[in-house]
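Protein chains in written order, with the UniProt record's numbering: chain A, 1 to 416; chain B, 1 to 416.
It should be emphasised that the hints constitute simulated quantities derived from the structure, not laboratory data.
All values derive from a computational prediction rather than experimental measurement.
Check before you lean on any hint, since a few could be wrong.
Distance condition first, Cα-Cα at most 27 Å in a straight line; then the derived DSSO-like pairs of lysine-lysine [unchecked claim]:
id	chain 1	residue 1	chain 2	residue 2
1	A	156	A	73
2	B	353	A	100
3	A	110	B	111
4	B	214	A	13
5	B	168	B	17
6	B	17	A	353
7	A	13	A	110
8	A	17	B	353
9	A	111	B	13
10	B	353	A	13
11	A	353	B	170
12	A	110	B	17
13	A	353	B	13
14	B	17	B	156
15	A	353	B	110
Number of protein chains: 2
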Amino acid sequence: MEQYMEIIGQRAKEASKIMARLSQVDKNRGLLAAAEELRKKTDYILEENKKDVDAAIQSGMKQSLVDRLQLTKERIDAMAVGLEQIAGLEDPVGEVLSMKTRPNGLRIGKKRVPLGVIGIIYESRPNVTADAFGLCFKTGNATILRGGSDAIHSNKAVTVVIKDALCKLKLPQDAMILVEDTSREMVTEMMQLREYIDVLIPRGGAGLIANVVKNSSVPVIETGTGNCHVYVDDSADLNMAADIIENAKTQRMGVCNACESLLIHSAVAEKAMPVILRRLKEHQIEVRGDERVCAGASEVIPATEEDWGREYLDAMISVKIVDSLEEAIDHINRYNTGHSETIVTENYDHALKFLDEVDAAAVYVNASTRFTDGFEFGFGAEIGISTQKLHARGPMGLEALTTTKYIIFGNGQIRE
Amino acid sequence: MEQYMEIIGQRAKEASKIMARLSQVDKNRGLLAAAEELRKKTDYILEENKKDVDAAIQSGMKQSLVDRLQLTKERIDAMAVGLEQIAGLEDPVGEVLSMKTRPNGLRIGKKRVPLGVIGIIYESRPNVTADAFGLCFKTGNATILRGGSDAIHSNKAVTVVIKDALCKLKLPQDAMILVEDTSREMVTEMMQLREYIDVLIPRGGAGLIANVVKNSSVPVIETGTGNCHVYVDDSADLNMAADIIENAKTQRMGVCNACESLLIHSAVAEKAMPVILRRLKEHQIEVRGDERVCAGASEVIPATEEDWGREYLDAMISVKIVDSLEEAIDHINRYNTGHSETIVTENYDHALKFLDEVDAAAVYVNASTRFTDGFEFGFGAEIGISTQKLHARGPMGLEALTTTKYIIFGNGQIRE
Chain A
1 MEQYMEIIGQ
11 RAKEASKIMA
21 RLSQVDKNRG
31 LLAAAEELRK
41 KTDYILEENK
51 KDVDAAIQSG
61 MKQSLVDRLQ
71 LTKERIDAMA
81 VGLEQIAGLE
91 DPVGEVLSMK
101 TRPNGLRIGK
111 KRVPLGVIGI
121 IYESRPNVTA
131 DAFGLCFKTG
141 NATILRGGSD
151 AIHSNKAVTV
161 VIKDALCKLK
171 LPQDAMILVE
181 DTSREMVTEM
191 MQLREYIDVL
201 IPRGGAGLIA
211 NVVKNSSVPV
221 IETGTGNCHV
231 YVDDSADLNM
241 AADIIENAKT
251 QRMGVCNACE
261 SLLIHSAVAE
271 KAMPVILRRL
281 KEHQIEVRGD
291 ERVCAGASEV
301 IPATEEDWGR
311 EYLDAMISVK
321 IVDSLEEAID
331 HINRYNTGHS
341 ETIVTENYDH
351 ALKFLDEVDA
361 AAVYVNASTR
371 FTDGFEFGFG
381 AEIGISTQKL
391 HARGPMGLEA
401 LTTTKYIIFG
411 NGQIRE
Chain B
1 MEQYMEIIGQ
11 RAKEASKIMA
21 RLSQVDKNRG
31 LLAAAEELRK
41 KTDYILEENK
51 KDVDAAIQSG
61 MKQSLVDRLQ
71 LTKERIDAMA
81 VGLEQIAGLE
91 DPVGEVLSMK
101 TRPNGLRIGK
111 KRVPLGVIGI
121 IYESRPNVTA
131 DAFGLCFKTG
141 NATILRGGSD
151 AIHSNKAVTV
161 VIKDALCKLK
171 LPQDAMILVE
181 DTSREMVTEM
191 MQLREYIDVL
201 IPRGGAGLIA
211 NVVKNSSVPV
221 IETGTGNCHV
231 YVDDSADLNM
241 AADIIENAKT
251 QRMGVCNACE
261 SLLIHSAVAE
271 KAMPVILRRL
281 KEHQIEVRGD
291 ERVCAGASEV
301 IPATEEDWGR
311 EYLDAMISVK
321 IVDSLEEAID
331 HINRYNTGHS
341 ETIVTENYDH
351 ALKFLDEVDA
361 AAVYVNASTR
371 FTDGFEFGFG
381 AEIGISTQKL
391 HARGPMGLEA
401 LTTTKYIIFG
411 NGQIRE
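Given only the sequences and the hints, what does the whole structure look like? Please build it.
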């Protein structure tokens, strides 16, 4: 049994060597063929998906989770469209980012190349299977996909269909390997396959991510958790502030770039709070406030220390009144998860100080935190949002799936 | 006891916030003051170093290791010169790498910022203490230094002297914290301090690095091991090949960018081998060859499978005859450590194919592998040579000690 993951690792590593040499044309042909095949085999995928959905319902899975698991003709078409869009993006691989000539005549260039083998560990969304394959394939990487056991029939079906398309074009089928054994032991083994896997990207809930970060000896890119703040400065345009807060909190609540906590300068609290609370109430948002917030509004629940650090992903928000920009920055740097933070201000110095001193992947002036997203940033794709500082920070597009190597052109140079 | 590392982590984290805001001028003043103080306190540092050296000699330490441990007036001056050089380098922090305006008017920029807290785990060279401090300080990071127990008096002395200099300028002393408890437990705890340490860089032997890579939940940058190859193509200029091999193997043998293995195309082996073996013999290099190499030269020892993967760091080299460029590339990709690889060739296609297909941090045509070095690459400094693919690959200069954050300028944008 121990060999199962090892063999998968070896196969992916071999495939990655072929992938690294594939031309842009071949990679795009593969992506388009996979999209076509997904559309052709829609019925088969739906049949297989039904097995997962039926089992989920029988096991009493929550309706919202069953929804995530369920595929439809439209959702399968969306997967195909996703692959076509990826095919249309510029290929970052092969670009020489700089080339300098040293005094000794050595020409030293830095070239963008694939990472090699990328492991993705995710939960029950079958669309991740096609999406992760597409992003990794485009960037010349092989992928090992370990999805949740709930979605195993769906994932197998999507994988088989995509591999069929690759096979017809004589492209390496092992560019995409699904771990069909969905036991936890396989995840544990995958996290130790440093010899074969270059990076692991966990996509899913906080528990999954924490497990991978803690236990993997393969380098990990941490994605996801967002305890995002909006700070309303004493100089804020209060209408703009209300619009941004409403948007950041309510436009979509279960996502990592939604606002979870609100800081309001005491000088404008009296004027701003009623407007903001009314807007939040329209969306049935439960407000948990500090003492001063509670004193001003009877419907507010007292916040506990724990509330300041929570990512609710739900119709809840914590609100605190602060007496200065500095207090707001300190609070954010203490409780945030390094995701997205916004100041609403008309004060030039405050805007720059906030941008300079808040420690997060994306720091905004006068805009909703909801924009932290690969598509909104113009990357055309997104593999996740990194909340760590190494390698990639913030929304990760295709470039995050590449590394560089130095290429050096000499004519006999030796070191003195 | 468990609190000891935790407190160090907290102090470093606090200092990192101040460091991130320091101006280039203040950082350079700190570095120059530290350099001056090291020169002034040379006698004190030498006294403390003598304690380490005496203990090492008493414990029967190998002379070569005692040499590495021993400081002299010149070596302390070299530390000071190093800090002055770092002060003279351009500060990468604060640069906005790109700034684009999106269709909705959001201006999205990517700004270079410090990583935060950098942990360095190293062995018995006391000069690393000053050097690592300098590189981290210049880039606005706080550093936690955990040097070997053999050098503890020297490291303490260097740290005290540098902190004195920082203190006089009212710069944050906790920008540099030496872990004075050199027990192994402290290393174990340091590797779990994910909350406070942003990246760990192990500097030292293969055992140290493997331990950190395997056991750290803090992201690690793997440095060091180099099983570097020189491949002599069938079209090589054989004099150039001999010069490059001699240089790559013998110019300095105990370093990671030295050549450890030689591949020679069979078409030129008969002509090339005698010249190359003669050159290696002049430097008393022990040659371990495959069957064909052994058949042609009586002084060659038969290589075992293990030899192909070894980083000798010594007066030894493995030599293999291959029948094609492809065989050379396959061999290298199988046995190398992803460090530095060279082809000697006059063939244009072979040069490009080698550059494309060899998987390593630095791939050379017609030059010695010994050039893989931050100074030789023109970075002005080096924190180590990364052999992993994430974040930094190859020689790491100041930029490798930074990350980026997105700074977004809006005027009320909300997401539709």
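A quick look at each hint next to the structure:
1. A C-alpha spacing of about 17 Å is found between residue 156 (chain A) and residue 73 (chain A), which places the hinted pair at or below 27 Å, so the restraint holds.
2. The suggested pairing of residue 353 (chain B) with residue 100 (chain A) holds, with an alpha-carbon distance near 21 Å, which does not exceed 27 Å.
3. Proximity of residue 110 (chain A) to residue 111 (chain B) is assessed by CA-CA distance (about 21 Å); at most 27 Å being required, the pair is judged to hold.
4. Between residue 214 (chain B) and residue 13 (chain A), the direct Cα distance comes to roughly 20 Å. Compliance with the 27 Å bound is thereby established for this hinted pair.
5. Between residue 168 (chain B) and residue 17 (chain B), the direct Cα distance comes to roughly 20 Å. Compliance with the 27 Å bound is thereby established for this hinted pair.
6. Only pairs whose Cα atoms come within 27 Å are accepted, and residue 17 (chain B) paired with residue 353 (chain A) is accepted, the gap being roughly 13 Å.
7. Restraint check: the Cα-Cα separation between residue 13 (chain A) and residue 110 (chain A) comes to about 23 Å, which is no more than 27 Å; the hinted pair holds.
8. At roughly 13 Å between alpha-carbon atoms, residue 17 (chain A) and residue 353 (chain B) fall within 27 Å of each other, so this suggested pair holds.
9. A threshold of 27 Å between alpha carbons decides the hint, and for residue 111 (chain A) with residue 13 (chain B) the separation of about 34 Å lies outside it, so the pair is violated.
10. Taken as a hint, the residue 353 (chain B) and residue 13 (chain A) pair is honoured in the structure, with Cα atoms around 19 Å apart against an allowance of 27 Å.
11. In summary, the hint linking residue 353 (chain A) to residue 170 (chain B) is supported, as the alpha carbons are separated by about 22 Å, within the 27 Å threshold.
12. Taking the CA atoms of residue 110 (chain A) and residue 17 (chain B), the gap is about 32 Å. The hint is violated against a cut of 27 Å.
13. Only pairs whose Cα atoms come within 27 Å are accepted, and residue 353 (chain A) paired with residue 13 (chain B) is accepted, the gap being roughly 19 Å.
14. Between the alpha carbons of residue 17 (chain B) and residue 156 (chain B) the distance comes to roughly 24 Å, so the proposed pair stays at or under 27 Å and holds.
15. Restraint check for residue 353 (chain A) and residue 110 (chain B): satisfied, since their Cα atoms lie roughly 16 Å apart, inside the 27 Å limit.
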